[in-house]
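Starting from the known structure of chain Z, arrange chains E and F on it as the hints suggest.
Letter by letter, the chains look like this.
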Amino acid sequence: MKKLIYCLLLIFGTSHAQDAYEIIKRSDEHVRGKSNKAEMSIEVQRPKWSRTMEIKVWSLGTEYSFILIQAPSRDKGTVFLKREKEIWNWQPKIEKIIKLPPSMMMQSWMGSDLTNDDLVKESSILSDYTHKIIGDTTLLNRACYGIELTPKPEAAVVWGKIKTFIDKQDYLQLASEFYDEDGYLINKMEASDIKYFGAKILPATLVMTPVEEEGQKTILRYKSIEYNIDIEESFFSKQNMKRLRL
Amino acid sequence: MKTTIKIAWRNIWRTPMRSFLVIGSIVMGIWAGIFVIAFSYGLNKQRTLSSIKNSISHIQIHHPEYDKDYDSKYFLENPDLIKTELETNANIKAFAFRSLLNGMISSPVKSNGVRIIGINKNQEKEVTGIHSGLVEGNYFESKRKNQILIGEALSKKLKVKLRSKIVLTFQDTDNNIVAGAFRVCGIFKTQYTKYDEGTVFIQNSDLQRLIKSKEFHQVALLCNSLDDVDSTYHNLKTNLNDYEVKDWKTISPELAYADEIMETWLFLIMIIIMLALIFGIINTMLMAVFERRRELGMLMAIGMNKSKVFFLILTETFFLSLIGAPMGMFLGALTIKLTSETGINLAIVGEGLQSVGLGNVIYPVIETKFYIFISVMVFIFTLIAAIYPSRKALKLKPTEAIRTI
Amino acid sequence: MKMIFKMAWRNIWRSKRRSIITISSIFFAVFFAVFARSFQIGVYNKMIANMVGMYTGYLQIHQNGFWEEQSIDNSFIPDQSVLDLLHDNKDITDFNERLESFALTASDNLTKGAIIMGVNLEKEDGLMDLSPKLISGEFPAHTSSSLLISEGLASYYNMSVGDSLILLGQGYHGASANGIFPVSGILKFPMPNLNDRLVLMPILAAQELYAAPERLTSLVLQIDKPEKLNKLKKYISKKLDLEKYELLDWKSLLPELVQTIQADSAGGVIIIGVLYMIISFGILGTLLMMTAERMREFGILISIGMRKSKLILTLIMESLFMGILASIIGISVVSPVRYYFNRNPIRLEDQAAESIEAFGFEPVIPASLDMDIAMNHAGIVLLIVLICTIYPIVTILRLKPVKAMRT
Numbered sequence: 081m082k083k084l085i086y087c088l089l090l091i092f093g094t095s096h097a098q099d100a101y102e103i104i105k106r107s108d109e110h111v112r113g114k115s116n117k118a119e120m121s122i123e124v125q126r127p128k129w130s131r132t133m134e135i136k137v138w139s140l141g142t143e144y145s146f147i148l149i150q151a152p153s154r155d156k157g158t159v160f161l162k163r164e165k166e167i168w169n170w171q172p173k174i175e176k177i178i179k180l181p182p183s184m185m186m187q188s189w190m191g192s193d194l195t196n197d198d199l200v201k202e203s204s205i206l207s208d209y210t211h212k213i214i215g216d217t218t219l220l221n222r223a224c225y226g227i228e229l230t231p232k233p234e235a236a237v238v239w240g241k242i243k244t245f246i247d248k249q250d251y252l253q254l255a256s257e258f259y260d261e262d263g264y265l266i267n268k269m270e271a272s273d274i275k276y277f278g279a280k281i282l283p284a285t286l287v288m289t290p291v292e293e294e295g296q297k298t299i300l301r302y303k304s305i306e307y308n309i310d311i312e313e314s315f316f317s318k319q320n321m322k323r324l325r326l
Numbered sequence: 026m027k028t029t030i031k032i033a034w035r036n037i038w039r040t041p042m043r044s045f046l047v048i049g050s051i052v053m054g055i056w057a058g059i060f061v062i063a064f065s066y067g068l069n070k071q072r073t074l075s076s077i078k079n080s081i082s083h084i085q086i087h088h089p090e091y092d093k094d095y096d097s098k099y100f101l102e103n104p105d106l107i108k109t110e111l112e113t114n115a116n117i118k119a120f121a122f123r124s125l126l127n128g129m130i131s132s133p134v135k136s137n138g139v140r141i142i143g144i145n146k147n148q149e150k151e152v153t154g155i156h157s158g159l160v161e162g163n164y165f166e167s168k169r170k171n172q173i174l175i176g177e178a179l180s181k182k183l184k185v186k187l188r189s190k191i192v193l194t195f196q197d198t199d200n201n202i203v204a205g206a207f208r209v210c211g212i213f214k215t216q217y218t219k220y221d222e223g224t225v226f227i228q229n230s231d232l233q234r235l236i237k238s239k240e241f242h243q244v245a246l247l248c249n250s251l252d253d254v255d256s257t258y259h260n261l262k263t264n265l266n267d268y269e270v271k272d273w274k275t276i277s278p279e280l281a282y283a284d285e286i287m288e289t290w291l292f293l294i295m296i297i298i299m300l301a302l303i304f305g306i307i308n309t310m311l312m313a314v315f316e317r318r319r320e321l322g323m324l325m326a327i328g329m330n331k332s333k334v335f336f337l338i339l340t341e342t343f344f345l346s347l348i349g350a351p352m353g354m355f356l357g358a359l360t361i362k363l364t365s366e367t368g369i370n371l372a373i374v375g376e377g378l379q380s381v382g383l384g385n386v387i388y389p390v391i392e393t394k395f396y397i398f399i400s401v402m403v404f405i406f407t408l409i410a411a412i413y414p415s416r417k418a419l420k421l422k423p424t425e426a427i428r429t430i
Numbered sequence: 071m072k073m074i075f076k077m078a079w080r081n082i083w084r085s086k087r088r089s090i091i092t093i094s095s096i097f098f099a100v101f102f103a104v105f106a107r108s109f110q111i112g113v114y115n116k117m118i119a120n121m122v123g124m125y126t127g128y129l130q131i132h133q134n135g136f137w138e139e140q141s142i143d144n145s146f147i148p149d150q151s152v153l154d155l156l157h158d159n160k161d162i163t164d165f166n167e168r169l170e171s172f173a174l175t176a177s178d179n180l181t182k183g184a185i186i187m188g189v190n191l192e193k194e195d196g197l198m199d200l201s202p203k204l205i206s207g208e209f210p211a212h213t214s215s216s217l218l219i220s221e222g223l224a225s226y227y228n229m230s231v232g233d234s235l236i237l238l239g240q241g242y243h244g245a246s247a248n249g250i251f252p253v254s255g256i257l258k259f260p261m262p263n264l265n266d267r268l269v270l271m272p273i274l275a276a277q278e279l280y281a282a283p284e285r286l287t288s289l290v291l292q293i294d295k296p297e298k299l300n301k302l303k304k305y306i307s308k309k310l311d312l313e314k315y316e317l318l319d320w321k322s323l324l325p326e327l328v329q330t331i332q333a334d335s336a337g338g339v340i341i342i343g344v345l346y347m348i349i350s351f352g353i354l355g356t357l358l359m360m361t362a363e364r365m366r367e368f369g370i371l372i373s374i375g376m377r378k379s380k381l382i383l384t385l386i387m388e389s390l391f392m393g394i395l396a397s398i399i400g401i402s403v404v405s406p407v408r409y410y411f412n413r414n415p416i417r418l419e420d421q422a423a424e425s426i427e428a429f430g431f432e433p434v435i436p437a438s439l440d441m442d443i444a445m446n447h448a449g450i451v452l453l454i455v456l457i458c459t460i461y462p463i464v465t466i467l468r469l470k471p472v473k474a475m476r477t
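Chains as they are written, first to last, in the numbering used here: chain Z, 81 to 326; chain E, 26 to 430; chain F, 71 to 477.
With the rest of the complex left out, here is chain Z (with noise of 0.2 Å):
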């Protein structure tokens, strides 16, 4: 008898467990896709001051990607190329590519609440952690699972733990918050705007808000992505750098 018992908690413990990596793991994967490019612009609040950038983005997997900023005019032709797990710049007024130091990676990203690190490590949601349904919510007028994703002991991650909510229809990351290992809510994300970006349905603004300070925000919001589009790795090369259209 505790054997039956036994094996058919595994059976649905462990199911659980992999619906829950699945349901993450094709959330990803929709925003994703193979490969990208888009248009967003990013604003960053701040207590006394606030800016916007516009930027275009493309990437392939998680592993290469091209961020060429638009505006403002100040920061016009700026360029950041990451392969892999580097960081190159290109500045437009200095003619020379550059490649960020690991000291760079913990610092802010133009300003925002992202780091640079974050543009690198975006895999790492799947890899990291373990992951386990925790109950059901309705954000956005959606039906949404509720995910709870703990550090792998081993994981290079500074958090306690992650509760991250996606809707059940489309498997859009609705709302994330990111725990330290106390219990505080340090971060969080939320999303709205839900609409077609061609055939894909998406949150069209993203918002980051880190709990403990006062006023501070960085909002993204998305103006036009395409999906699979036709690029190569061979793309995302310190020569094209140079080359890309605004």
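Please note that a few of the clues may not be correct.
[Unchecked claim] In silico EDC-like links for lysine to aspartate or glutamate, alpha-carbon gap of 16 Å or less:
| hint | chain 1 | residue 1 | chain 2 | residue 2 |
| --- | --- | --- | --- | --- |
| 1 | Z | 318 | Z | 143 |
| 2 | Z | 176 | F | 233 |
| 3 | E | 219 | F | 139 |
| 4 | Z | 179 | E | 199 |
| 5 | E | 135 | Z | 293 |
| 6 | F | 304 | F | 319 |
| 7 | E | 186 | Z | 261 |
| 8 | F | 308 | F | 158 |
| 9 | E | 70 | F | 334 |
| 10 | E | 182 | F | 139 |
| 11 | Z | 212 | Z | 99 |
| 12 | Z | 173 | F | 278 |
| 13 | Z | 165 | E | 197 |
| 14 | E | 271 | E | 90 |
| 15 | Z | 128 | F | 143 |
| 16 | Z | 179 | F | 178 |
| 17 | E | 168 | Z | 234 |
| 18 | E | 333 | E | 320 |
| 19 | E | 184 | Z | 262 |
| 20 | F | 193 | F | 167 |
| 21 | E | 182 | Z | 292 |
| 22 | E | 184 | F | 139 |
| 23 | F | 116 | F | 334 |
Keep in mind that the hints were calculated from the coordinates and are not lab data. Note that this is a predicted model, so its numbers are computed, not measured.
Frame of chain Z, contents of chains E and F only:
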């Protein structure tokens, strides 16, 4: 002549208080001289030992290019060769291999640039004092992997505490970025806040596992005693000439010359103390001479000539010094012996001191030659000091002296 | 009461010889104590001047909160009232505007983090003594955007005058800061922590780089009389809007220096303590002898009816008079001596001197002219005199008049 000497000797015992004062001054002078010198040398030695223990060690070994640019690519090639060399040298008490990297440390709320020092905890314990500078937690006691020691100032900046998780990010030799999660097992505090903010310690085994190679950048070693350093240093320079070997004097020349710098200072202070002593004695003796003017006047009236009176007072002083000098030396030696064992804790004088480890306690130390030197100096100065009062005594008018109240 | 005064005063001059001896022993005490302590303090002040002159200056004005969080977002534009305040004050010889931040420097394949100081180069030359440190090239003009880099940086990049250096960083309010700048000169700093990673540029160019027009991170005040620092600080704090600005002196800017001096001071205090033991003994000796000499006089006074308490009071008064007189003379005599050693400090020799010069410091032991030292130690000596007076007081209390008269 002989009579004068006899009178001088008896005079001393006749007026105990006066004699006591002069003897006291001499004893004080010698004691002070010995103490100040011993204390100053002890102070210097303390600083040197403290610096050696807490930061620079006796000798350090690096890659020859390491000094120009503290880049982790300049690691020690063939560390086993070095290890064998050090193990076979009988003068070396302990050595510690270290990996040194620059990287970032992150907590959920903040990141900071840090110097990462990878240590072998057993080796390091024998060479430096960080294991005793912990204000919280323990020194890598747990068998768990990826433990880290951070400074108190850094823990405050990152808003983390014992057992908190942090992420270290750095580069491996191929310039790839490596990151690892570590748990705070201990928090240390030194007297330098900047150091506490910017330095973290992890175990070599953890570091090498993350960068996937066994690299060391530095070896620090301690000899059996400070005196062994010179010979060991030259030995290692010859045998390990592919590497850069430096002794503590090269690393911190200001420590090496601390003694010389202090000697100028000491000279100044000793002059001041001696002058204070001389004037003190002159004054005391002047008082004594006038207090005795009736007696001296009497002596001159009954026929003792002036030069004999002069000689009398000088002889008295001579005897007093003869008594005082050995007492002074004895007291000085006793003080040094006692304090060199228990040490003098500076905390009694400076409330604001918060040094870790050896910084607070001074062990006075003095070379024997100084005992003689000081005593002879005080002896001579006392005699010189006695000249002026003695001459004043000669100016007494016997007839007036007898009549005084 | 008045009578006691008179008596004490007359007693002193009654026996000039005795009084002169007593006064001189107190005088020497004051002289030597102040003299010794002046050297100790002189060395500390020299250390402070050296460290302060290297970079921080004695006093800085920032935006309130800047020191806690040193980011360019905490820069400020100083009000005209503040500038006027600084202009009008005679103790402030100049004030330097600085815009300081960090940046990643880069050239070809190498990168290195560095401190970027946007400064007024002429004024900074006055504070940091830059001219002798220039080992090649020249100072950029106020309106140019050329850089001075530290020697460590130059050798890291194998750069010389005329090459260009890339700066990448974060500007004001999130703007990015980047540019490529020609190197017009190379500076060599004795301290490795500065020599390895310092870039100086004209402040206008820095403000342009960091998108922070007219903004400063600090105003560094140049003071030619460090003794006046505390007074100056108090004066400025009263006139400054402390909600908006913060005023920090070198103690807050260089806490390690404070700790080093404190640690050293403890040893110094013990040595002065030993000196005091000797001079106290000297004073005690003088008073002891004086008491013995006057036993007869005391005996007579008591036996003709003077109350012991009055006599004691008289004696205390005498000690005070002599003490104060001696202190005044002592301070007057020691001051020119201190002045001499302040202008002509004791020099260290040979290798000892070299090891200090390696830091860019002068290897000297100067005497401090601080009046506080004189006052404090004169006060301590007076205290010692009063304590030593206890001996004669006790003697009088125990006095048996008849016996005393027979001495």
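Right, here's what the structure says about each hint:
| no. | hint | in the structure |
| --- | --- | --- |
| 1 | 318/Z with 143/Z | holds (15 Å) |
| 2 | 176/Z with 233/F | holds (14 Å) |
| 3 | 219/E with 139/F | holds (15 Å) |
| 4 | 179/Z with 199/E | holds (14 Å) |
| 5 | 135/E with 293/Z | holds (12 Å) |
| 6 | 304/F with 319/F | holds (11 Å) |
| 7 | 186/E with 261/Z | holds (11 Å) |
| 8 | 308/F with 158/F | holds (15 Å) |
| 9 | 70/E with 334/F | holds (13 Å) |
| 10 | 182/E with 139/F | holds (11 Å) |
| 11 | 212/Z with 99/Z | holds (8 Å) |
| 12 | 173/Z with 278/F | holds (14 Å) |
| 13 | 165/Z with 197/E | holds (12 Å) |
| 14 | 271/E with 90/E | holds (13 Å) |
| 15 | 128/Z with 143/F | holds (10 Å) |
| 16 | 179/Z with 178/F | holds (10 Å) |
| 17 | 168/E with 234/Z | holds (15 Å) |
| 18 | 333/E with 320/E | holds (14 Å) |
| 19 | 184/E with 262/Z | holds (12 Å) |
| 20 | 193/F with 167/F | holds (9 Å) |
| 21 | 182/E with 292/Z | holds (15 Å) |
| 22 | 184/E with 139/F | holds (15 Å) |
| 23 | 116/F with 334/F | holds (14 Å) |
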